[in-house]
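Please arrange chain B with the ligands on chain A, whose structure you already have, making use of the hints.
Protein chains: 2
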Amino acid sequence: MNRLLMTASTAILAACAGAQADDLSIRLKDPKQWVSPTGDDANLRHSALKQITTENVGKLVIDWQFSTGVLRGHEGAPLVIHNVQIPEQTATDKNGKSFVTRKAFTTDVMYLHTPFPNTVYALDLKDPDHKIIWKYQPEQDAQVVAIMCCDSVNRGLAYGDGKIFLAQADTTLVAFDAGAGAIGGPKRNEPLWSVKNGDPSKGHTSTAAPHVFKDKVLVGIAGGEFGVRGHITAYDVKTGKLLWRGYSTGPDAETLIDPEKTTHLGKPVGKDSGINTWEGEQWRTGGGTTWGWYSYDPELNLVYYGSGNPSTWNPSQRPGDNRWSMTIWARDLDTGKVKWVYQMTPHDEWDYDGVNEMILADQTIGGVKRKALVHFDRNGFAYTLDRVSGELLVAEKFDPAVNWAAKVDMDKNSKTYGRPLVVDKYSTQHNGEDVNTEGVCPAALGVKDQQPASYDAATDLFLVPTNHVCMDYEPFRLSYTAGQPYVGATLEMFPADRDKGDMHTGAFIAWDAKAGKIVWSNKEAFSVWSGALSTDGGVTFYGTLEGYLKAVDTKTGKELFKHKTPSGVIGNVISYETSGKQYVAVLSGVGGWAGIGLAAGLSKSNEGLGAVGNYASLANYTALGGVLTVFSLPN
Amino acid sequence: MNRLLMTASTAILAACAGAQADDLSIRLKDPKQWVSPTGDDANLRHSALKQITTENVGKLVIDWQFSTGVLRGHEGAPLVIHNVQIPEQTATDKNGKSFVTRKAFTTDVMYLHTPFPNTVYALDLKDPDHKIIWKYQPEQDAQVVAIMCCDSVNRGLAYGDGKIFLAQADTTLVAFDAGAGAIGGPKRNEPLWSVKNGDPSKGHTSTAAPHVFKDKVLVGIAGGEFGVRGHITAYDVKTGKLLWRGYSTGPDAETLIDPEKTTHLGKPVGKDSGINTWEGEQWRTGGGTTWGWYSYDPELNLVYYGSGNPSTWNPSQRPGDNRWSMTIWARDLDTGKVKWVYQMTPHDEWDYDGVNEMILADQTIGGVKRKALVHFDRNGFAYTLDRVSGELLVAEKFDPAVNWAAKVDMDKNSKTYGRPLVVDKYSTQHNGEDVNTEGVCPAALGVKDQQPASYDAATDLFLVPTNHVCMDYEPFRLSYTAGQPYVGATLEMFPADRDKGDMHTGAFIAWDAKAGKIVWSNKEAFSVWSGALSTDGGVTFYGTLEGYLKAVDTKTGKELFKHKTPSGVIGNVISYETSGKQYVAVLSGVGGWAGIGLAAGLSKSNEGLGAVGNYASLANYTALGGVLTVFSLPN
Ligand SMILES: O=C(O)c1cc(C(=O)O)c2c(n1)C(=O)C(=O)c1cc(C(=O)O)[nH]c1-2
Ligand SMILES: O=C(O)c1cc(C(=O)O)c2c(n1)C(=O)C(=O)c1cc(C(=O)O)[nH]c1-2
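Going line by line, the protein sequences match chains A and B.
full-length UniProt numbering puts the first residue of the first sequence at 1, with every later residue one more than the last.
full-length UniProt numbering puts the first residue of the second sequence at 1, with every later residue one more than the last.
One chain only, chain A, in its complex shape (with noise of 0.2 angstroms):
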């Protein structure tokens, strides 16, 4: 074995752009396979398979399972790609004569990551084994995990231009041959390229799954709680040379905002929007960091995303607005330029970070049909806004708990038109720091955080992971230094109806956005920190932290079935099939905010920025450790 010298020849992939840009938009466009990490560009995080339907979702059984080797949370889903050439691999013998020890084949393959130390899987699901076609382990300082906020999680890889792409914990960005892996590299375990897109001794980690648009690959920054000023970036899918970076705060050259045509409620903007809401320099350690899912519209050519918390958690230290953190993004997928934003919390006191997904679903509110965008904030308001012109269409409570605004203001003529009119008792601002602002609604991980909802067209409903935890909150005063914490506020987060004896912590919900409103709700005993999946056989699935898949009728929220996996679920669910039959798949592995407590050992109530103690009985559920589980009908 030691005697042979593994080799392995790339895969020889069309050359041409255009072919590349067709490749992904066909696959993308194929529901048996699971192309992007949110499932499409739009983020439905829908399936149009319908084998496994109401009727029968409640015979799955467990088909295969992978234990990926890592321990802490396993975030995000893997992807599915058929039909991927593998190359033939020779090796040497004693002699140096070479011979074929794999032949060329073709096969769909599933893709799966880790959390640190992002190690990825190219596993093959033609094989009865689901055999490893190829691994890459890759080289990091394990020191940035002592950087990430919220446990070591990755949100997944992205596929395009028969590349697979990783955006490891320490930022660099690294693309695969899909067939051949990282042996595609001139040396074993090289991939094809890499870049480093930030800087972990200043903080910047990278937590989200890269996407691919076109013939581009966008990647955000982590860092919120390390005063890092969030970007996102545009590499060419090729070469991974960088080719725009739209920062959320600065001047306009480097935000990439047109104070003329860039729009805020219909307005310019105006010039150097992202300074001028700041005190002095803040807005260089200002944070709003990108570590969410983004969003793509071909037809407008505009990509979606939001940006998080400023920084410090200390609103006190940071007079003004703080633009653009707590903002939705549309810009342009060619050169980044802005079309428009929407600051949804502008100085921000309770750390409800604006990152999470923007779902592309078309509307018809008041008669009109618009080309929608629905958003589930951290801040506990729901949101659809027009994605072509960023018009605030609702904006609505999508937890009855939230209480530190009494609304958004929706009447355009207000000078306060599109802001949330903030409750004083729960402004951690009017209390002011050293102060305990106490029972606030919802708690700094909001009433959805990381975890995507799915969107339904047959039903036109939105499936939404929630969290019902409310908080106290005591700003501090700090100074920052680069790569050290600079959050600035401590927490203690507890269920929202603990006073009643209530100490549920999550719901499942279905959320019409039209009328801003409850359609159905599913009582959990913990947030719902997984990702939903809706599927074309009226299922939607999602996972909790007890570690249950469960399946519920789409239209009622009816529990159709629960299988408790080896640990808690933080993944998303997805749909694939493969030789005619479908599959759900869902990683379990505890972790993320919600489970810091078991992945990082935590045990004082108030560690974990205020989470531990919150979610303390998880332990009595389950332990950590990464399992891909794959359910199917029995034969």
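A hint or two may mislead.
Put simply, identical chains are the same to the list, so a pair is met inside one copy or across any two.
Said to hold, decoys possible - Using 20 angstroms as the maximum straight-line C-alpha spacing, the simulated SDA-like pairs for lysine to any residue come out as follows:
hint: 1; residue 1: Lys581; residue 2: Gln51
hint: 2; residue 1: Lys241; residue 2: Pro251
hint: 3; residue 1: Lys59; residue 2: Pro634
hint: 4; residue 1: Lys562; residue 2: Pro634
hint: 5; residue 1: Lys50; residue 2: Gly557
hint: 6; residue 1: Lys94; residue 2: Gly439
hint: 7; residue 1: Lys500; residue 2: Phe99
hint: 8; residue 1: Lys562; residue 2: Asp127
hint: 9; residue 1: Lys604; residue 2: Asp93
hint: 10; residue 1: Lys562; residue 2: Val630
hint: 11; residue 1: Lys126; residue 2: Asn620
hint: 12; residue 1: Lys267; residue 2: Ser414
hint: 13; residue 1: Lys59; residue 2: His563
hint: 14; residue 1: Lys196; residue 2: Leu243
hint: 15; residue 1: Lys59; residue 2: Val630
hint: 16; residue 1: Lys425; residue 2: Cys441
hint: 17; residue 1: Lys238; residue 2: Arg498
hint: 18; residue 1: Lys412; residue 2: Ile365
hint: 19; residue 1: Lys94; residue 2: Ser617
hint: 20; residue 1: Lys94; residue 2: Asp362
hint: 21; residue 1: Lys562; residue 2: Val61
hint: 22; residue 1: Lys32; residue 2: Gly580
hint: 23; residue 1: Lys514; residue 2: Gly390
hint: 24; residue 1: Lys59; residue 2: Asn635
The hints are simulated quantities; they were obtained by calculation from the structure and are not laboratory data.
This structure is a prediction, so every number in the text was calculated from the model and none was measured.
What follows is chain B with the ligands alone, placed relative to chain A:
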């Protein structure tokens, strides 16, 4: 939450030793429980349950799973104890008032261990969520992992006297209250009692399961690759008091051998037999460790187990028979005194540890019904002995590849009676130091290693997981330093039929211990490193290194079922019943000696004591991660 001070009353359990012995023996007779790490005192690993049959086993599905939160090799199996009394739990509120957080209740409990760090979970089998009743997290120095020869494995827990016993990697033996867990002690996470059985600074470690027989808990010691002098020790289940210790080598007073009464092949062994086949003081660092499974015959009041290899692995360095390494032992449970010994591999030259389990199954041989002991040794011979007298009845190769010895001399009148007739070509002693002896079969990990076999009385068959591996072995001289490796040989293993282009390294066989013949044999791609379970349903189960749980017809070996679990299986299959339903459970989590390349991240062919290259292709099938999988028939 942080304001609550958790407390727990210790379960009050019957105090009289007689009652406790009864409790244990009554439970041991109940096929619905799995009370001992070996299934029973006789090491049959047989379940009398028969809801799952040859007819319906093909329908098995995964009922529930539990991720252990630990990577690396998961050996052993959980225990299942019925009707355990779980004590009330109380907490104290802000005002110091005590209130009940959990009422006392009675339930069926599964006790699950992990490899280092040796976490113990008590799981509620009657709770639909299989909630964690208690958990114990030992505090041990992680340095111990570096002195564990063959992965950081642990082979399980023992039950007795209402207590659960764990032998930690660092040789600490701890006792918990079965109902209250470690919290039952005066401090949180403190066991009822604990004792140090060895000293890791001298190379002592613990991997074996403790064994409770009557009112004693017996533990062994590992470290044969560090020159550890093996011993077996009996502690009082109540107090942890050391009752007796019997060494494998040394003076009679320490081996507990009686020169007149203790016999070897029918003859008294004479004075200081544990010294006089060693040069000088070599017996002090001479190995003979005791890291395997133990059996007990209550009628004879004898305990049976095997001792491991003499240290070092370089035979030229330790002239003589090196007694009593490589020996089957029969000791009186109450006194530790030795009734008889049988040394299988005098003066070992290949690391053929004799620790494999002794199966106590009566056999009719030559028309005479014998209280027999059947043992599948690493050296490739399967031995049938009379367990009353230690008389050798049968000794035959259980893999035709075995070539180091022509046979075991069965001629009672021969000078070499009972000894293997070593073939010079494969004698690393004969060929000498610094000479690479090529093509020795089996390899050091034997035709069978720790993976225990099962006995099915209905068919009178022994179901044996086996290896089919050979090696090159080059001994070299080295000197002893306490706590440092004392191996003295370089190895490289390879598939036994490599020259024929057949790369399989395992088989699962059925053995006739009367005739000494293989009845049927199923080839396996990889060594079968998992323990077998036969059942009264006519089905035998075992796991594979790729991760399959397999079920075969005990009579014919016909494969009836297979299902790939999340990781490679090196655990032992068990069966239990709760609430009227039969379950089959197995730990997956690849590792052990065969899986050491994956477990410890080694890649050079001769690393991992020569095992890495032989199992390199395992990396194409599976990755690390401990998960318990429980199968059942669909409702
Ligand atoms: O501000 C940031 O840069 C940043 C990064 C991350 C992250 O990268 O995971 C989270 C958050 N903030 C955050 O506020 C948050 O609630 C959160 C939850 C999680 C998670 O994976 O469970 N990550 C993050
Ligand atoms: O000599 C010893 O003390 C000793 C200890 C152990 C162990 O404790 O696991 C093994 C061995 N030897 C050994 O020779 C061996 O083949 C082996 C395999 C395994 C395993 O768990 O896979 N352990 C051990």
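Each hint, compared with the structure:
1. Taking the shortest alpha-carbon separations for Lys581 and Gln51, only the intra-copy value of 8 angstroms comes in at or below 20 angstroms, while the best inter-copy value is 31 angstroms.
2. For the homomeric pair Lys241 and Pro251, neither the shortest alpha-carbon distance inside one copy (23 angstroms) nor that between copies (75 angstroms) is at most 20 angstroms.
3. In this homomeric assembly, Lys59 and Pro634 come within 20 angstroms of each other (Cα to Cα) both inside a single copy, at 7 angstroms, and across copies, at 9 angstroms.
4. Taking the shortest Cα distances, Lys562 and Pro634 sit within 20 angstroms of each other both inside one copy (16 angstroms) and across copies (14 angstroms).
5. When the C-alpha separation of Lys50 and Gly557 is checked against a cutoff of 20 angstroms, the pair qualifies only within one copy, where the shortest distance is 18 angstroms, while the shortest distance between copies is 40 angstroms.
6. Proximity of Lys94 and Gly439 under a CA criterion of 20 angstroms is satisfied inter-copy only: 18 angstroms between copies versus 72 angstroms inside one chain copy.
7. Taking the shortest alpha-carbon separations for Lys500 and Phe99, only the inter-copy value of 18 angstroms comes in at or below 20 angstroms, while the best intra-copy value is 72 angstroms.
8. For the identical chains of this complex, Lys562 and Asp127 are inter-copy neighbours only, at 15 angstroms across copies versus 28 angstroms inside a copy, given an alpha-carbon limit of 20 angstroms.
9. When the C-alpha separation of Lys604 and Asp93 is checked against a cutoff of 20 angstroms, the pair qualifies only between copies, where the shortest distance is 17 angstroms, while the shortest distance within a copy is 58 angstroms.
10. Taking the shortest alpha-carbon separations for Lys562 and Val630, both the intra-copy value of 14 angstroms and the inter-copy value of 16 angstroms come in at or below 20 angstroms.
11. With identical chains, the CA atoms of Lys126 and Asn620 are at most 20 angstroms apart between copies only, with a shortest distance of 15 angstroms across copies and 38 angstroms within one.
12. For a Cα distance limit of 20 angstroms, the shortest separation of Lys267 from Ser414 inside one copy, 14 angstroms, qualifies, whereas the shortest one across copies, 106 angstroms, does not.
13. In this homomeric assembly, Lys59 and His563 come within 20 angstroms of each other (Cα to Cα) both inside a single copy, at 11 angstroms, and across copies, at 17 angstroms.
14. Only within a single protomer do Lys196 and Leu243 lie at most 20 angstroms apart by alpha-carbon distance; the minimum there is 14 angstroms, versus 63 angstroms between protomers.
15. For a Cα distance limit of 20 angstroms, the shortest separation of Lys59 from Val630 qualifies both inside one copy, at 14 angstroms, and across copies, at 18 angstroms.
16. Taking the shortest Cα distances, Lys425 and Cys441 sit within 20 angstroms of each other inside one copy (11 angstroms), while across copies they are farther apart (79 angstroms).
17. Taking the shortest alpha-carbon separations for Lys238 and Arg498, neither the intra-copy value of 53 angstroms nor the inter-copy value of 44 angstroms comes in at or below 20 angstroms.
18. Proximity of Lys412 to Ile365 under the C-alpha cut-off of 20 angstroms is restricted to the intra-copy arrangement: shortest distance 17 angstroms within a copy versus 98 angstroms between copies.
19. In this assembly of identical chains, the alpha carbons of Lys94 and Ser617 lie at most 20 angstroms apart only when taken from different copies (19 angstroms versus 58 angstroms within one copy).
20. In this homomeric assembly, Lys94 and Asp362 never come within 20 angstroms of each other (Cα to Cα): the closest approach is 64 angstroms inside a single copy and 52 angstroms across copies.
21. Proximity of Lys562 and Val61 under a CA criterion of 20 angstroms is satisfied in both settings, with 10 angstroms inside one chain copy and 14 angstroms between copies.
22. Taking the shortest alpha-carbon separations for Lys32 and Gly580, only the intra-copy value of 9 angstroms comes in at or below 20 angstroms, while the best inter-copy value is 41 angstroms.
23. In this assembly of identical chains, the alpha carbons of Lys514 and Gly390 lie at most 20 angstroms apart only when taken from the same copy (16 angstroms versus 84 angstroms across copies).
24. For the identical chains of this complex, Lys59 and Asn635 are neighbours both inside a copy (11 angstroms) and across copies (11 angstroms), given an alpha-carbon limit of 20 angstroms.
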